[in-house]
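Student: In case you want the letters, here they are:
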Amino acid sequence: MIKNESGLKLTASKMTKIRKIVSLTLIYTALVLFAIWILAPFSMVIITSFKTRKEASDPVFHFFPEKWSFDGYKEVFTYTSGVDDSEIPVMLKGFLNTLIIVLPPTIIGLFVSAMSAYAFAKLRFKGKNVFFSALLLTMMIPGTIMLTPSYLIYDMLGWVDTPLPLMLPGMFGAATCVFFMRQFYAGIPTSLVEAAKLDGMGYFKIFWKIMVPLSVPALFAQGILGFIGGYNDYFGPYLYLHEPEWYTLQLALASFKGTYSYNIPTVMAGALVALIPALVIYIVAQKYFIEGIATSGMKI
Amino acid sequence: MFIDKVYRKKIKVKREEVFGFALSMGPVLGFALFGLIPMILAIFMSFMDIYGFTFEGAGFVGFENYGTVLKDPLFWKSIVNTLYMGVATFINIALALMVAFLLTKNVRGKKVFRTIYFIPYVCSVVAITVMWQWIFNTNYGIINAIFTPEGQEPVNWWGRADTFIPCLLIMGVWSGTGYGIILYGAALTNVNSSLYEAAKVDGANSFKSFWHITIPAISPTTFYLLITGIIGALQEFARPQIISGSGGPDNVGVTVVFYLYRSAFQYYEMGIASATAWLLAILIVGLTVINFAMSKLWVSYD
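Note that the protein sequences, when read in sequence, are chains X and L.
For the first sequence, position 14 (counting from the first letter as 1) is numbered 14 according to my numbering, and the numbering increases by one without interruption.
For the second sequence, position 147 (counting from the first letter as 1) is numbered 147 according to my numbering, and the numbering increases by one without interruption.
Everything labelled a hint here was simulated from the structure, so no lab data went into it.
No residue lacks a Cβ here, since even glycine has one placed at the ideal position from N, Cα and C.
Hints should not be assumed to be uniformly reliable.
[Said to hold, decoys possible] Restraint ranges, calculated between C-beta atoms of paired labels, are given here:
#1 L/D72 - X/I107: 37 to 47 Å
#2 X/I188 - L/D72: 35 to 45 Å
#3 X/M171 - L/S193: 40 to 50 Å
#4 L/F90 - X/M171: 33 to 43 Å
#5 X/E66 - L/G286: 54 to 64 Å
#6 L/L29 - X/G202: 18 to 28 Å
#7 X/I188 - L/Y51: 52 to 62 Å
#8 X/S261 - L/D72: 26 to 36 Å
#9 L/L29 - X/G158: 15 to 25 Å
[To be verified] Chain L regions said to be covered by chain X (calculated; three or more residues, Cβ under 8 Å):
#10 74-81
#11 191-205
[Stated by the list, open to error] Partial list, computed: chain L residues near chain X (C-beta under 10 Å):
#12 P27
#13 V87
#14 G109
#15 F113
#16 Y121
#17 N137
#18 V155
#19 A186
#20 K208
#21 L234
#22 A238
Isolated chain X (complex conformation) (with noise of 0.2 Å):
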């Protein structure tokens, strides 16, 4: 009797240890089945990317390339329009445009969104709440009713075709970074903001001496994921910059698929270039980056 509980007892543990082995080996699978989804897209066009211009369009497929070549992405570093004077290739300095376009807005922005956050967050002052909702509110309109007015405006001003629309608006800070910003400084004890104002100092200086630095990862990653945005951008300067001098790495990308539409490799490696910075940043940074995207979410 009792040893046929016990053994009972053995198979059962024996089921449940089975069963956690069979579901744990479903869940693997689906998981990694789920990375080769998201993987193989790009392995395809890394492995192509390699390939010359022959062999990319033979009709006869072979997986790996038969030689491997760097023909496309010499032609990346190299290619340059002839549109204007400069030798600079297109890519690179698509890049640069992009650094300068994108640097500027995110970093002044970021200051600006930081200190209205600090404000709306520890400082007592009228009209707080309505202009705090007010702003929140802006974060629902469409982008898209702005488009013509906008560029009517620009227009006149003779901004079309100059940085100047993609890089002013950012400088005003984005009512996100405010959001997020405020919902961490409100974490701060207020403690801390009186007794640095019985000790004399203020209201600037305890938001750049004691709100900043206790701020710097959450600034971090504000700034990343706004940096990737700008870099990332199409519309925007599709819209405002027809002249290839100012095109931006995106733009340039755009017009280098046009230019070697029947080149594949160097299509190819021409947008895996592109997609270098970001994924470095991405990489390295990737704490704060998903850090910043997981609390600015879930706090809605």
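Mind docking chain L on chain X? Use the hints.
Tutor: The following block gives chain L in isolation, referenced to the frame of chain X:
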């Protein structure tokens, strides 16, 4: 002495008022300049017959622009196209939840999986579109190279009206799930674990506890993904435009924003473009309001 103190305090309060206002105003001013003024201008423009980028010679024409747009079959087609492309939003949410849920299980390499899943989100729309345009390319694309049976004509994926948008959907699911996975990942770890214990004691199986505990607990995230996803999807432009600048086969690539863009910058009909923008805005705001109203039925903030 006493008066001095009161006076000082008053100045201090005033200083806080001034600083609070001054420091907070950057984004508010930015919105007024680059949001509010254009928006008000857009209302006027939508009622004017503006040709080109100038108000010269433009007059008020009442609702004529709206009438023109609403009577244009291509506008209605652009709405259908946009909504069709927007289907990816729903697939993404469902898929993201499933993957994020699997990632809460006791598996190794969670971080690696998460890193991989999120990669497409970091990539630019141009690069992604260039990649997928090749993947579905008729003669040289990898899909046709692998799957076309011997002796059969390869499918012209981007050249057929019935395959153009499905290809975009596949692309959208590929690039769009990572974001949801991250948000759901954060939401799932915040679900109160004592609820699961209680359900287990009550004899609920894992499916039941997922349905009755997990889904309601993460409903705010679902709601957020739905709202932002729909608003984003309705403003689709880049992908179909990069693939086919002329609007794709039988105009299936023409989204509402693409339609608006063409009115404004190819036909220089700024009035009609502004009317289109407001119609789109009404559609977006309308759907958002419906979403918020319906959210009371299924979104629970504990």
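Student: Against which earlier hints does the structure fall short, listed by number upward?
Tutor: 2, 10, 11, 13, 18 and 20
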